[in-house]
Every structure is written in structure tokens, then in C-alpha cells.
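Position chains C, V, B and R with the ligands relative to chain G; hints supplied.
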Amino acid sequence: MTPTARNAAEAPAGHRTASRSGLHARASRSLVVLPGRAPVSTTPKVSLNDICLTYGVNTKGRLIALDHINLHVQPGEFLCIVGPSGCGKSTLLHLVAGLHRQTTGEVLIDGKAAQGTGTDRILIFQELGLFPWLTVQQNVEFGLRMAGVSKAERESKAADYLRLVHLHQFRDNYIHQLSGGMRQRVALARALATEPDVLLMDEPFAALDAQTRDLLHDELERIWAETGRTIIFVTHNVREAVRLGDRVVLLTFRPGKVKREYHVDLPRPRHLEDVPVATAAREILGELREEINKSLEAEYGNETNR
Amino acid sequence: MTPTARNAAEAPAGHRTASRSGLHARASRSLVVLPGRAPVSTTPKVSLNDICLTYGVNTKGRLIALDHINLHVQPGEFLCIVGPSGCGKSTLLHLVAGLHRQTTGEVLIDGKAAQGTGTDRILIFQELGLFPWLTVQQNVEFGLRMAGVSKAERESKAADYLRLVHLHQFRDNYIHQLSGGMRQRVALARALATEPDVLLMDEPFAALDAQTRDLLHDELERIWAETGRTIIFVTHNVREAVRLGDRVVLLTFRPGKVKREYHVDLPRPRHLEDVPVATAAREILGELREEINKSLEAEYGNETNR
Amino acid sequence: MKRTARYVLFYSVLIAAWVILAKLKVWPPYIFPTPWGVGEALWAGFADHSFWIAIAVSMKRMLIGYGLSVVFGMILGLGIANSKFLEETVGGLLVSLQSLPSICWLPIAVLWFGLTEKAILFVVVMGSLLSVTISMETGRKQLPKIYSMAGRNLGAGGFQLLLHVTLPASLPYIVTGLKQGWAFAWRSLISGEMIFVSLGLGQLLMMGRDLNDMSQVIAVMILIIALGYIVDGLVFKTVEKRLQERWGLAPAS
Amino acid sequence: MKRTARYVLFYSVLIAAWVILAKLKVWPPYIFPTPWGVGEALWAGFADHSFWIAIAVSMKRMLIGYGLSVVFGMILGLGIANSKFLEETVGGLLVSLQSLPSICWLPIAVLWFGLTEKAILFVVVMGSLLSVTISMETGRKQLPKIYSMAGRNLGAGGFQLLLHVTLPASLPYIVTGLKQGWAFAWRSLISGEMIFVSLGLGQLLMMGRDLNDMSQVIAVMILIIALGYIVDGLVFKTVEKRLQERWGLAPAS
Amino acid sequence: GQQTTIRVGAFPNITHPQAMIGKANGWFEKAMGPQVKIDWKTFNAGPSAIETLFAGALDMTYIGPNPAINGYVRSTGEALRTIAGATSGGAALVVRQDAGITNIDDFHGKRIASPQMGNTQDVALRAWLRAHGMKTTDKGGDVQVIPVANPDQLTLFLKKQLDAAWAPEPWASRLVHEANGRVFLDERSLWPQGQFVTAQLVVSTKFLNEHPDLVKTWLRAHVELTNWINSHLPEAKNMLNAQIRKETGKSLPGEVLDDSFGRLEVTYDPLKSAFLKAAQSAFDAGFLGRQMPDLSSMYDLKLLNEVLAEKGKKVIQ
Ligand SMILES: Nc1ncnc2c1ncn2[C@@H]1O[C@H](COP(=O)(O)OP(=O)(O)OP(=O)(O)O)[C@@H](O)[C@H]1O
Ligand SMILES: Nc1ncnc2c1ncn2[C@@H]1O[C@H](COP(=O)(O)OP(=O)(O)OP(=O)(O)O)[C@@H](O)[C@H]1O
Ligand SMILES: [Mg+2]
Ligand SMILES: [Mg+2]
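Protein chains in written order, with this note's numbering: chain G, 1 to 306; chain C, 1 to 306; chain V, 1 to 253; chain B, 1 to 253; chain R, 1 to 317.
Simulated from the structure, these hints should not be mistaken for lab results.
Heads up, some of the hints might be wrong.
[Stated by the list, open to error] 27 Å max Cα-Cα, derived BS3-like pairs, lysine-lysine:
#	chain 1	residue 1	chain 2	residue 2
1	R	K250	V	K60
2	R	K160	V	K118
3	V	K241	B	K145
4	R	K250	B	K25
One chain only, chain G, in its complex shape:
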């Protein structure tokens, strides 16, 4: 384990330490943006201020899903969120998308309190949420149709994005006629087609084979670079996070807190198989593993007999 993962208290804000792994870690709650990448004065595109969110579970009590989250995403930033299963990643994205209400704290979009959903923030759901009553093409066109885009434009856009995800041949299929990975790609195309300011992606490549995923990584990076969109990308694949992100945020087990952030300083284009990417990922993974082990011990400790 390299010593690049340090507390912000130790590392002065704005000060960067070059490291072998190309990572700059900062402890949670000290969200100083690195100079040169995005000036501090910019209003963050998305701000989560001291967010807590609890779920009521049956009658047994409440489950704290998110615990005092502070997170600021700059316009045009590619932020990746990693964390153990069930730590609150999806919940966090739902919150930003305006589909859930936080229990306390506030969500700001462009510095203004978020009011429910908005087409400026499109989410790719982990459960996909495709509409079974529409064909693949109609699914992809859905957002455009809601926005009142003309039929011709809708069709051409849908065709573009369907080609992007290699599903143009399947445009007239219904969802149940697709394989798992194909469905995931439809969801991707559907979200991309609306061309939102903020793209919220919840494990969008989890069901894809390595090759397709690689191709889509490239395409996503290209789109991001060309259009300057803000992307919040949830994944359980740390290497993917390092491959794509400007910054990687690591959430703790349960309740979900920001454990640590890493700035990924590797030059683009990067590739999953690049050695620096692998090295950086291994570093984060180590930290993550530590975290999970702690939590697992706590879980087993709770139980009497095994």
C-alpha cells in the first residue's frame, strides 16, 4: 500500500503530491478541488450538503442508508462512486435525480435547491426500468418524445444511439426479447439520447462482456469529452472507476459515508488493461477491502452462532 491515501488534514488544500499510482486521495468532508482542473469559484453542478437518508424497514426500525454525505461535482467532471454492495450508491443517485427525498441536508443543482426530477439529470437505473410496452426504438425515443422533439429528429437520434450500443438491428424488438446485456445497452442508449447536462449512471456496464464494455468506455469518454457533460458513475468495478473518472469517491459500508476521495491524474485516453490503471485500482481496492472487512466483522459479530 502506497502512502498516497492521506487525510486532508495532513495534505494542505490545493497541494498535489505526485504519486506512483497517479492518485491523489483526500479524506471525506474536505472537498477542495485541485487547482487547474476546475477553479474553486465555479458553482458546483451538483452539491450534496450534509445529506442523510434513512429507510423505514418493516416495523423493525429504520436503516440509515446515507449518513452526512458532502459531495460537490464540478461542471464537466467525471465522478465515479465505488463502494461495497448495499452501501447506498443507488440511493445517492436517486437522490440527485430527484426521485427520493433526503431526510436531512440539501441537494443543489447549479447552486439552486433541486425540485424533483428534471431532464437536466438523467439516470440509468440499476434495474434499467425499460418499458415493456415499447419497442427498443420507442424506448430510446421516449425522452425525446416527452421533450417534444420532432419525429424525424427522434428517429435519427435513436438510430445513432442504437448503433452506438450495437443494437440497431434489434430496434423493433420488445424488451423481453433481449438478453440481459442487450437490455442494459438499451437503457444506456435511452439515457444518452436525451443528452442531459448531468448523466447519472448506476452500474451501466455490469452485464456486458469485456469487449463491448471496452468499446462503450471509449464511446462514453468521447461523448463526455466532446459535450462537456457532468457524469456521476456508480460501479463496483474499481478499475472501471479509475479508467473513466476524474475523481473516485469511496463510500463506506453501512451507513454510507464518504470514506475517501481519489483524484485520478492519469492521462487520457486510458485503458482498462493499462498498468497504471491497474496499479491505481489496486490501491483503492486495498482501502475498500479494509473497509469491507471491518464491516463484515461487525456483521458477524452481531450474530451469535455460526
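Okay, now just chains C, V, B and R with the ligands, sitting in the frame of chain G:
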């Protein structure tokens, strides 16, 4: 790319060539089992003989999902299937589980034609197929309940397997109250709890974080080694396939044919991050990539304007 | 081929059983009419055009009344499902209001509309409206959250969400509601046509009963069944089949 | 608190509107009864125990008849959904048979059961049975494939699959069916109680109508509504709520 | 001794006074003796009573002439016999006060209600119109006859959607008292001695053949009760009203009861000739099929005449 991937016609049956990557590749349709692992005379646990399967898609015509598949799985074998998204992996598992009918060819279990479903073959669905009207524990107990297992035994087994997937604390939750990864683990526990002869797993770890996945790899391998079960494991992660499998079967794009098989001769226990695993995976990945590229070209060739 | 054979078999057995029962004279023919008696009644009815007219008149009323019920039932159902106020007030009363027999609406229909077609339509609508409403409301309530979340996320709000997400997603429920509504509408129509002599099938049925003419009663029953069968085959079955195809739902195994 | 306030508000407004209309004397009280007239009818009915008796008698019939309908309706519905033969023969007739008004069953009821409770129960069952059947069948048909696949895969076959997978998975549909069946059962009960004078609420309603005694009609309507409200609250609402909680379905937003 | 049950039907209506009063004071129970159990069945409408009789679940019933004819014709004369009369009269043509009807010619272009297509009042109305040279709209004329249920007639009178109605009691009186109506014509004025059938006593053929003695005993009580009613009219009316109240929960207002009863006559005479004449009019109006049914053997007055002879009363033809 090492030249270990050879046609069976070139490599005499039963003859093993040691290779740097620990892989022994054989072209499809020459399923000679390596001596020492499982004798040729053993009746295969699962045999697919010349299987074809086509889907009717709308009125547009038919889609060939599986094309003359020949595959024999020995008792106690850990077989991994990899292939590009939409190549027919899930379809193949459904077929073995008795949930689909092949168009031509035959499926044999222990040398006898398979008659519909059977509790000797349990499938973990890619879509999970958890029952929303049952709690986590009831879901896990379902198979046992159907088999008429007593309440006490059911409960103790369910508790064991829920602990295995770290969800014992969530046993009274309903499915919609779980995160994506947690749901996947419930499906895993549900299948394991029935303790079938043949375990059919369709990307069972796709939604899990690296650490949980590692733990479950170890557990699955332990269970497999201890109980001598036959496992057919579908994944899009080639490294995972090499990590777990005795043999890795690579399917072609569309229609799904067996492109090539690899015998993984690496010693167990293996780890995802092991260098030999990575090397072997990279070799298969190369082959896979070639395959996908070919198919993608074909797909784009079909379309006029891009 | 096999399907047709089964049909033929089924109905032949039914009719044969009827013939045998009638031949055995377990019950006197004036209470258990013979197939030929009913056949005669049917023949006579069609020959003097009274059945044709009754079918035309009743179907017209059904189409208008049922059509109104479907439209307003859906609107009401969605309203209730979307408004806490409506839900707590009207919503709670839905099932009970739907339980009110048509006989309750007859005096009101006469009072408001006099002896007009509208009075009959009113009875039909009151009888079947809430059935559609109930299904619509349940459909809306039992909707998996993910659909409306995805819809909202993609920019559908208010009416658009309703039209493009809630409605299609509740379609499986709406179909049940429509079927039940159709049955309710028929039953109410028969009651409604009792208000005054108004040519329809309900009238014929009532006459048959008033005259203790079981052959006529059964002839009209057969007409109602046949009409229902046709509508079911043309409308409901088609919708269901398309639903199954699109959504990939379980076909009758 | 707010809920109660809304309830109170809603019913106050309703009653106020009624009072005003009655005071304005747009229609004479014979046809548009006053709230106090209805109140008096209610009071008198309860005071001389006739309403109590009617409620007891009718509720007993409802519970037995409806209970039978639910049990047999489910069995029939599952049978139809699972058997190609039943599906093609009876299944196709379901909606049409359900459209037959209760009046068609009256002669058969009397023929088979004479003037007994059973005759009335028969009419109730015939009126509501198919409603449950239709929902059960639709529920079974609209079932996502994955549930039955998962069930079969885990070793549930035949009856077990039915009990442990098909039934719970169709529950959202069954609830609609039960609601509609309840409404149908009430309506049929009223018809059934017309066969002969048999104390129930249907009888009171008929009498009210035959005498053009609108106060009585409305008093009985209020009773039916109240009973439906209670049953809805106790049974259907509870089931729906549990469903929503368990399945994570969209609550009334 | 073995107990026999006799199942008797009746309507809670002033046109069935023998049944109502008999029930109220136990007249028939007393007459039939302890060996016979009387099982009263209350119906709302004629067709269901006939249906029940057809099905063998009813032995005897007080009923209007119309359902009785239907039952007789439908069963080709098998199922039932009329054995005595019950009431006569009790129907009137009521006009709305403000409809501007003073004489017969004023009915041109008016809307007249009858309770039900083809029933006694409907037939009477059509026959009367025809006799006065007026044509109904279905025959190309300008008088509209609208069959509509009695309770709705009241509403429609008040809504001024009907100009007149040929209604049985107590509706005729209620139209007068509650809906601004006026009696234009008492139907009794159209019949010899002002008598025509309103209700009669009908027995199932099977029961008549198996228990002629019981039927005879009943008839004896029926005749005696009829006489008692006629001699104790005020007391009988109160009893009748009380019984109606008991069975329907509502009694008739005093003036309606008095008016109705004023136009009604309680009699055991089945009024066969008036009945046959009414049947002929029904046939003429096209209500009894293509062929006039033979109604002559619908009457079985042997037992009634034996009873009357016992009592030294005039025998009925
Ligand atoms: N019900 C269906 N109707 C028509 N086509 C279908 C149906 N189910 C699957 N297919 C098609 O069959 C092919 C194989 O599907 P399958 O689900 O087996 O793929 P897969 O290998 O599991 O892919 P993935 O890795 O994406 O899950 C796909 O092209 C898909 O479109
Ligand atoms: N509707 C709900 N009711 C109660 N608890 C819930 C609900 N939804 C989620 N949770 C709980 O909240 C926690 C966080 O869930 P979330 O889906 O955000 O996790 P995640 O980080 O996305 O996990 P994964 O990687 O497995 O998808 C989990 O412990 C889950 O059990
Ligand atoms: Mg998640
Ligand atoms: Mg798959």
C-alpha cells in the same frame, strides 16, 4: 498470443501440451476429456447433442440463438461459459434447466433425455426471479419448502446460506428493500440452499463489488470441492471464468456456436489477481475480441449509413 | 384444426346433454324448455325482425354507455389514484357505490332524464363506470415504482406521465376492468331497459320473464352470450394477446 | 388529523348540498327526499329492528355466497388458465356468461332449490363467481414468465406451483377481482332477494322502490354503502396495503 | 297424525286482502286445523310466483289474472287452475290536472302510461282507446301509450312527462293524492255490474288432484273470510294496512287506503265471463300469441260451488 489455442484435429485426444498460460484449448465439437481428471467412460452429467434453438421475433422472422451446440459436462466439473452479450448463454442455461425446449437436438442428464425441470438442476437467473411476496428468508427457504423439508431444518439451512452471502441481518426484509447486489446474493443463497447436483449460474456475481465477489468465489469453490457438484457458470468476465473453471467454453457472437474450449490447468486455490489467471484470461480475451470484432463488422456492414 | 374439433365437441356435448334432459322430461318443458322450443323462439324472433332490432338497439346503447364509462372511469380512476383528497373521499366509497344495484339508479334516471334514451344510458353508465374506475385505480396503485420513476426521470410529468407511462403500464389491469365493466354494463342495460318499453334485448328478456316464456328467456340469453363472445373475441382477446406478446407474459401453458 | 378533517369536510359538504337542494324544493320530497326524511326512515328502520334484521340476513347471505364465489371462482379461474380445453371452451364464454343478468338465473334457482335460502345463494354465486374467475384468469395470463420459471426451477410443480407461486403472484389481480366480485354479489343478492320476500336489504330496497318511497330507497342505499365501506376498509384496503408494502409498489403519490 | 304443509303465495298489497288479513288474524290456520301447516310465501311480482308454482315449490297463490293466464298458457293448461276470485275493480284512468284533458277527444297527442306491456291495464287502455276511435302511435295514430312501472309513473307525473295513466290501486289513488291527478274514468264503469278480475286464487293442478279436501277446506275459509271482510270493512282495512306495514315496513296513508278500497270489491266470485272478455281483448291487441288460447278449462269451480252449496249461496257458473 501464444499458440496454445489449436484445433483438436491437430492435438491428439488426451494429449496435453503444457503451456505458459496453463490453458489447453480445443476447438469446438471435439470434446475429449483430459485423462486424469475424469475418465472418458463416465456418462456425462449434462450432454447437449447438436442443439439448435431459434426464437420467433415478432413477424420479422426468426433469430437463431443456438446453432448446433455440442457440449458435455462431466460430473463434478466446473464449466464456465463466456461469450459476447446476446450470444445465447442464458438461453443455453435455460435449456439445461428444462425451462426452454430446443428446436432440434437433445439434452441428456446422466445420459437420459431431460424431462422439463428438475430439482437436480437449479438455475440462478440473470433476472434473479426473486419472489416479491416473500421475505428474504422465505425466498431462500422456497426450494426446501417445495421439497417438503421440515421447518427447523429449513430455517437452519436458510440461516447458513444467508450468512454465507452476508445477508442474515436482512432476512426479514422484502426484496424491494434490498440493493441490486443484495438481491443477487439472495438469489445465490436461494439456489445454493436447495443443494442441487447441477448448479446453473447466470452471471451470479455481476452486480457485486470486488471484495464480496472474491469472498463468494472462495465460498463457491469450497462448496464445489466439498460436495462434488457440477457447475455450469455463465459470466462475461473472462478472468472470473479462469479463476473458477476447470474448463472455459467460448461461444461465438450470433448465432451462438461453441467457438473454442480451454482446459484450465492452473492449480487451485486460484485468485482473480494471480498473474497466471490474468495471463490465461488475456489469452481467451484476445480470441473473444477477435470474434466480437468480426461480428461487429458484420453488424455495421448490414447498415447503410452511419 | 384440433381447436375447431374441440369447439365442435364441446358444444355438441352441451347440446346433446340438453336434448337428453329435455327428452327425459325430468322437468316440464314450460320450466325447462327444449332445444327445439328455443330454436323456434330464435327463428321466430329473427324472422319477424324483432331480434335484429333488439340487437341493434341494445348494442348501440351498450357502445355509447360503455364507451362513456370507459372514458370517465379511467379519468376518475386516475384522478383518485393521483389525488389524496379524492382517494380518501370517493376512493373509499368506490366498492360500495359499485355494489349499489341498478334499481337504485332507476328513480334518479327517470327523475333527471324522463323517458328518454339518456335515462337508459345513465343507468348503464352508473352500473359500469366504477368498475373501470376500480381497476384503473388498482392498476395505478399496483404499478411497480420503477416505471413511474423512469418516466419522471426521462422528463414525463403530469399528463404525459399518465398517458405514456401510467396508462400503458396499467394496461393488464385495465383489461380486467374493461371485461368486468362490460359485464356490469350489460346487466345494467337490462335493468335500464326495464324503465320503459324501449325495444332492446332487456325488454325482450323482461317480456319473456313476465310471460313466463322460458324459451324466449333462453333465446335472449343465447343472444347476449353470443354478442359477448364476439366482443370478447374481437376486443378483449386481441388486447390480451398483444399484451402477452409485447410484455413477454406467460401464455396459457 | 388532516385525514379526519378532510373526511369531515367532504361529508359535510355533501350533506350541506343535499340540505340546500332539499330546502330549495327543486323537486318535491316524494322524489327527492330530504336528509331529515331519510334520517327518519333510518331511525324508524333501526328502531323497529327491521334494518338490523335485514342487515344480519343480507350479510349472512353475502358472506356465504361471496365466500363460495371466491373459492370456486379461483379454482375455476386457475383451471381455465391451466387447461387449454377449458380455456377454449368455458374461457371464451366467461365474459358473456358474466354479462347475463341475475334475472336469468332466477327460474333455475327456483327450479333447483325451491323457495329456500339456497336459491338466493345460488343467484349470488352465479352473479359473482365469474367475476373472480375472470380476474384470476387474467392474473394468471398476465403473470410475468419469470415467476413461474423460477418456481418450477426450484421444484414447485402442479398444485404447489399454483399455491406458492401463481396465486401470490396474481394477488394484485385477485384483489381487483374480489372487489368487483363483491359488487356483483351485492347486486345479485338484491335480485335474489326479489324471488320471494325474505327479509334482506334487497327486499327493503325493492319495497321502497315499489312504493316509490325514496326515503326508504336512499336509507337502504346508505346502509349498503356503509356495509361496503366497512368491508372495503377491513378487507380490501388491508390486503392492498400489505401488497404495496411487500412488493414495493407505487403508493398513491 | 301426519302433518301436511301447504305453501301459499301472496303479495303484500291491498289487492290481496284475504291473504293479508288471514295472515294477520290466523284465519286459515284455525280453519285448516293443527294437522296442516301453512307456509306463507310472500312475492313481489306475479311471474316469480308462477315460476315457483311451475317448479313445484308452491301449491296455491293469490295472484292477478295476467300472470295466471300466462302460467296457464305456457304450461299448455297443465300447471294450474283458478278456483276462486279474490278481488274485483280497483283500476282507473287518472289524468294530470294541468294536462288540459276534460273529455275523450283531448287525449289526441297525449302520453298515457300503463304499468306493463300487455298486462290487464295495458289491454284495457288500448281497448278503450280503440273503442273511442283513437289510434295509438304504434298503429299509426297520435296517442302514445307508454308502459312504465307504477312507481315511475308517479315521478313522471310530477315531471309532467305523462299526461295520464291507467293504473291499478293503490297507484291510481296515489297519483291523485301525491301527483296532482284526477280520476278521469273508473274502470268499473266499463264492466257489467262494475266487476272485473283483479286478483284470484290459483292452485297447482297437482295439489288440487292430490289434496282436494285441503283445497276445499281452504276455499271454505276463503269464502267465510271474504264475507267477514265485507261485513267488517273498517276493521278489515286497518288489519290489512297493519299487515302491509308489517311486511313492507310502510303503511298506506289513510286517504289513499280509503280511496283505493272504495274502488275495490272483495269477492270470491272468479268473474269468469269478465275474465274471458279481458282475455279476448288481450288477444285482439296481439298479446296472447297467434292463436287464441282455450281458457275454458282454466277454471275448476267444482269445489267452490260445493262450498257455496253447503252455505246455501248462489252457485257460480
Ligand atoms: N424471448 C425471446 N424472443 C426472441 N428473442 C430472444 C428471446 N430471448 C432471447 N432472445 C434473443 O436470443 C439471443 C440470445 O439471448 P441470451 O439471453 O441467451 O443471451 P446471453 O448470451 O445471455 O446475453 P447476455 O450476456 O447479454 O445476457 C439474443 O440475441 C436475444 O435477442
Ligand atoms: N425501499 C427500501 N426500503 C428499505 N431499505 C432500502 C430500500 N431501498 C434500499 N434500501 C437499503 O438501503 C441500502 C442501500 O441501498 P442501495 O440500493 O443504495 O445500495 P447500493 O450501494 O446501490 O448497492 P448495490 O451495489 O448492491 O446496488 C441497502 O442496505 C438497502 O437494503
Ligand atoms: Mg445499487
Ligand atoms: Mg444472459
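Hints versus structure:
1. With a C-alpha separation of about 40 Å, the suggested pairing of R:K250 with V:K60 is violated against the 27 Å cut-off.
2. Our distance criterion of 27 Å between C-alpha atoms is met by R:K160 and V:K118, whose separation comes to about 17 Å.
3. For the hint pairing V:K241 with B:K145, the CA-to-CA distance comes to about 15 Å; that is within 27 Å, so the pair holds.
4. For the hint pairing R:K250 with B:K25, the CA-to-CA distance comes to about 24 Å; that is within 27 Å, so the pair holds.
When held up to the earlier numbered hints, the structure conflicts with hint 1 and nothing else.
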